[in-house]
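Protein sequence lines, in the order shown, are assigned to chains B, W and Z.
Residue numbers are given in the working numbering: position 3 of the first sequence equals residue 3, and the series is strictly consecutive.
Residue numbers are given in the working numbering: position 195 of the second sequence equals residue 195, and the series is strictly consecutive.
Residue numbers are given in the working numbering: position 76 of the third sequence equals residue 76, and the series is strictly consecutive.
Errors might be hidden in some of the hints.
Calculated cross-link-like contacts (lysine to any residue; reagent style SDA-like; alpha-carbon spacing at most 25 angstroms) [said to hold, decoys possible]:
hint, chain 1, residue 1, chain 2, residue 2
1, Z, Lys-31, B, Ala-108
2, Z, Lys-194, W, Pro-229
3, W, Lys-148, Z, Gln-4
4, Z, Lys-124, B, Gln-163
Hints are computed from structural coordinates only; laboratory data are not their basis.
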Amino acid sequence: MPAQRPVITLLTDFGMCDSYVAQMKGVILQKSPDAQIVDLSHEIPPQDILRAAYLLGDSYPRFPRATIHIVVVDPGVGSDRRVLCISAARQFFIAPDNGVLELVLRSAPPEAMVAVTNRWYFQKNVSTTFHGRDILASVASHLAAGVKLSRFGPPVADPVRLQLPQVTMGDKQISGAVIYADRFGNLVTNIERKHLAQVFQGAKSSQMLVWVGGREIRGLWRSYAEQQPGELMCLLGSSGRLEISVSGGSAAAGLDAPRGTPVEIARL
Amino acid sequence: MPAQRPVITLLTDFGMCDSYVAQMKGVILQKSPDAQIVDLSHEIPPQDILRAAYLLGDSYPRFPRATIHIVVVDPGVGSDRRVLCISAARQFFIAPDNGVLELVLRSAPPEAMVAVTNRWYFQKNVSTTFHGRDILASVASHLAAGVKLSRFGPPVADPVRLQLPQVTMGDKQISGAVIYADRFGNLVTNIERKHLAQVFQGAKSSQMLVWVGGREIRGLWRSYAEQQPGELMCLLGSSGRLEISVSGGSAAAGLDAPRGTPVEIARL
Amino acid sequence: MPAQRPVITLLTDFGMCDSYVAQMKGVILQKSPDAQIVDLSHEIPPQDILRAAYLLGDSYPRFPRATIHIVVVDPGVGSDRRVLCISAARQFFIAPDNGVLELVLRSAPPEAMVAVTNRWYFQKNVSTTFHGRDILASVASHLAAGVKLSRFGPPVADPVRLQLPQVTMGDKQISGAVIYADRFGNLVTNIERKHLAQVFQGAKSSQMLVWVGGREIRGLWRSYAEQQPGELMCLLGSSGRLEISVSGGSAAAGLDAPRGTPVEIARL
Numbered sequence: 001m002p003a004q005r006p007v008i009t010l011l012t013d014f015g016m017c018d019s020y021v022a023q024m025k026g027v028i029l030q031k032s033p034d035a036q037i038v039d040l041s042h043e044i045p046p047q048d049i050l051r052a053a054y055l056l057g058d059s060y061p062r063f064p065r066a067t068i069h070i071v072v073v074d075p076g077v078g079s080d081r082r083v084l085c086i087s088a089a090r091q092f093f094i095a096p097d098n099g100v101l102e103l104v105l106r107s108a109p110p111e112a113m114v115a116v117t118n119r120w121y122f123q124k125n126v127s128t129t130f131h132g133r134d135i136l137a138s139v140a141s142h143l144a145a146g147v148k149l150s151r152f153g154p155p156v157a158d159p160v161r162l163q164l165p166q167v168t169m170g171d172k173q174i175s176g177a178v179i180y181a182d183r184f185g186n187l188v189t190n191i192e193r194k195h196l197a198q199v200f201q202g203a204k205s206s207q208m209l210v211w212v213g214g215r216e217i218r219g220l221w222r223s224y225a226e227q228q229p230g231e232l233m234c235l236l237g238s239s240g241r242l243e244i245s246v247s248g249g250s251a252a253a254g255l256d257a258p259r260g261t262p263v264e265i266a267r268l
Numbered sequence: 001m002p003a004q005r006p007v008i009t010l011l012t013d014f015g016m017c018d019s020y021v022a023q024m025k026g027v028i029l030q031k032s033p034d035a036q037i038v039d040l041s042h043e044i045p046p047q048d049i050l051r052a053a054y055l056l057g058d059s060y061p062r063f064p065r066a067t068i069h070i071v072v073v074d075p076g077v078g079s080d081r082r083v084l085c086i087s088a089a090r091q092f093f094i095a096p097d098n099g100v101l102e103l104v105l106r107s108a109p110p111e112a113m114v115a116v117t118n119r120w121y122f123q124k125n126v127s128t129t130f131h132g133r134d135i136l137a138s139v140a141s142h143l144a145a146g147v148k149l150s151r152f153g154p155p156v157a158d159p160v161r162l163q164l165p166q167v168t169m170g171d172k173q174i175s176g177a178v179i180y181a182d183r184f185g186n187l188v189t190n191i192e193r194k195h196l197a198q199v200f201q202g203a204k205s206s207q208m209l210v211w212v213g214g215r216e217i218r219g220l221w222r223s224y225a226e227q228q229p230g231e232l233m234c235l236l237g238s239s240g241r242l243e244i245s246v247s248g249g250s251a252a253a254g255l256d257a258p259r260g261t262p263v264e265i266a267r268l
Numbered sequence: 001m002p003a004q005r006p007v008i009t010l011l012t013d014f015g016m017c018d019s020y021v022a023q024m025k026g027v028i029l030q031k032s033p034d035a036q037i038v039d040l041s042h043e044i045p046p047q048d049i050l051r052a053a054y055l056l057g058d059s060y061p062r063f064p065r066a067t068i069h070i071v072v073v074d075p076g077v078g079s080d081r082r083v084l085c086i087s088a089a090r091q092f093f094i095a096p097d098n099g100v101l102e103l104v105l106r107s108a109p110p111e112a113m114v115a116v117t118n119r120w121y122f123q124k125n126v127s128t129t130f131h132g133r134d135i136l137a138s139v140a141s142h143l144a145a146g147v148k149l150s151r152f153g154p155p156v157a158d159p160v161r162l163q164l165p166q167v168t169m170g171d172k173q174i175s176g177a178v179i180y181a182d183r184f185g186n187l188v189t190n191i192e193r194k195h196l197a198q199v200f201q202g203a204k205s206s207q208m209l210v211w212v213g214g215r216e217i218r219g220l221w222r223s224y225a226e227q228q229p230g231e232l233m234c235l236l237g238s239s240g241r242l243e244i245s246v247s248g249g250s251a252a253a254g255l256d257a258p259r260g261t262p263v264e265i266a267r268l
């Protein structure tokens, strides 16, 4: 009997127009009726593994110990791609082996990692197009009910890794990229607090110059409220990444800076 | 005292911009604070009873025994249309009597069926425009708390039935129709595994020819990954229905095949 | 040990594309693993305090005693605007001090009201852009776990108030405004049942004349089903407000009547 209700999160590209998400929840509740199920997001653009990887990486540290994260962004469903079940950072991650766990693997060394192969823990009739329901949710419900990770299949040492856009550091400069825009039109970059700390130690905010999408932005703000409405600004977002924003507006709408757009930073 | 937390699902055309769904949940939690509430979907196009009927039919078999499904797609709210509470497949269904339970009725003979009339189980002031909250959610919360179905009102024997698009079987052919497109642009049809089994027993995949929206598709694939990206394909989807898909793309975007479009299949 | 699971609702302008909502839930579950978390809505247009205020005001009365409502529509995040924690109507409300609690304050005299300042109950590293996670959700999780309101900070007597569009009453007329459109295109007004009762006591429905967006509507209907499909109508909506609707259609699509559009009513 677990001491408290197991937490299970779902991150998919299913949207909420169909009942795919609900079907996964039905399967989970069959074995784990007490589960605390949280929608991480279901609005990942279809098959956008990179976006899901970042969302998961930014979110999982906020969840309690033993949380089970299920990720179903799975263009290879029905092929021979593996399904992984990983223990890391004292939480669990169940996902197709397509790189979607990249940010987890980079931030927390896995404690255990198996390929999910034991059909005992699958639904009875496994479809070829919806492993999210028939395999991943099913396995998660057993994991939540107390089954050991090692029961699901053999150890794996070579998960598929995802190529991420690089951050390049110079003495007085940093090169990175826009990795996604959020709902508010904030452009989130792959440049993190640690990168800025390295180049700007002892510097004033005004010594920071940022180029992105043909625009130049000076200084690092602390909050949206500090900048004039409608003006571009840079700040450290809530996941510790440099973000390009427009106070009271949308940087994504104002700049031509889709994912992958270079972001150049210099110390004056 | 129920042995485990009651599961209650909600299927509506309310969307999530307003607070209608939340108000229903508030009412449920008043009487059934321990309920495990699952959003089946709230993105049914306004008053699209047929779409809701299919979503419910495809989803309910995934849920545990005693789950209570509430459906609020209710163009007749405030008129004298009845509200039904049905027990079938060892689960419960509460819905306006407008045909939205058609797929349930076809797949599982009802164990009991009543018209919900006992105002004792309604909210105190019943609005004329939101029975989902004031009647259906309220009754569900009592049902979850252990009240017997028969307390809600008198037995009903003649629920409103929904006309569904027909599947016509020949010796070597099947005629059906597109019933909806899902988020990925898969065109889901009313042709089921059993229909295909009848005509294609002993046949090779290459003996199947499908016409839909002016296009011809040969063969039945097992998974998206087997077809070239961008190419049309047919496969048996996760709810056991024939689906027209584009590998890594959207069949709905590529074909002019809205709901009701004929789908013709022949055995070569 | 609380007698039952604490209910916590979330009302934000975060949408569900990102993981902001999920991050708040992760924080809540850290301290309050048994919480019953309900999404009130996350589709508030970015920074639309007025819309959030109305949604909250219309919804909170449906929730059980001791429910904790968290509102994060927070254009001033990171500035020196206060965060409030209020007890009213035997429920709790945690929100930035920007007027978003206006409808609560008008309908229920606060039993207690504090400014949230005690960092003991915050997350360890408070970001400047996501107080919803680092302060509001964190404080809510402690409140749900039994911490007294007074522990969060000093009493407050002067919450920021929101200017709402006025209703003006005459002997035989009422002037109000459209306050929002819902998903179905119903135009919800600030004219309430009590206003109509005052002017139309003893009157027949046909004595009511309404002007809005250049159109004239006669009579007050009881339900959508009473009017011809496609025709304009007025009725008292589920939150007790006068609504302009089109039976089986969208009044918002048919009328040019955005928020703030005057609504004039006369008794003939």
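Hint check:
no. : hint                     : result
1   : Lys-31/Z with Ala-108/B  : holds (23 angstroms)
2   : Lys-194/Z with Pro-229/W : violated (61 angstroms)
3   : Lys-148/W with Gln-4/Z   : holds (23 angstroms)
4   : Lys-124/Z with Gln-163/B : violated (32 angstroms)
Comparing the model with each numbered hint stated earlier shows that hints 2 and 4 do not hold.
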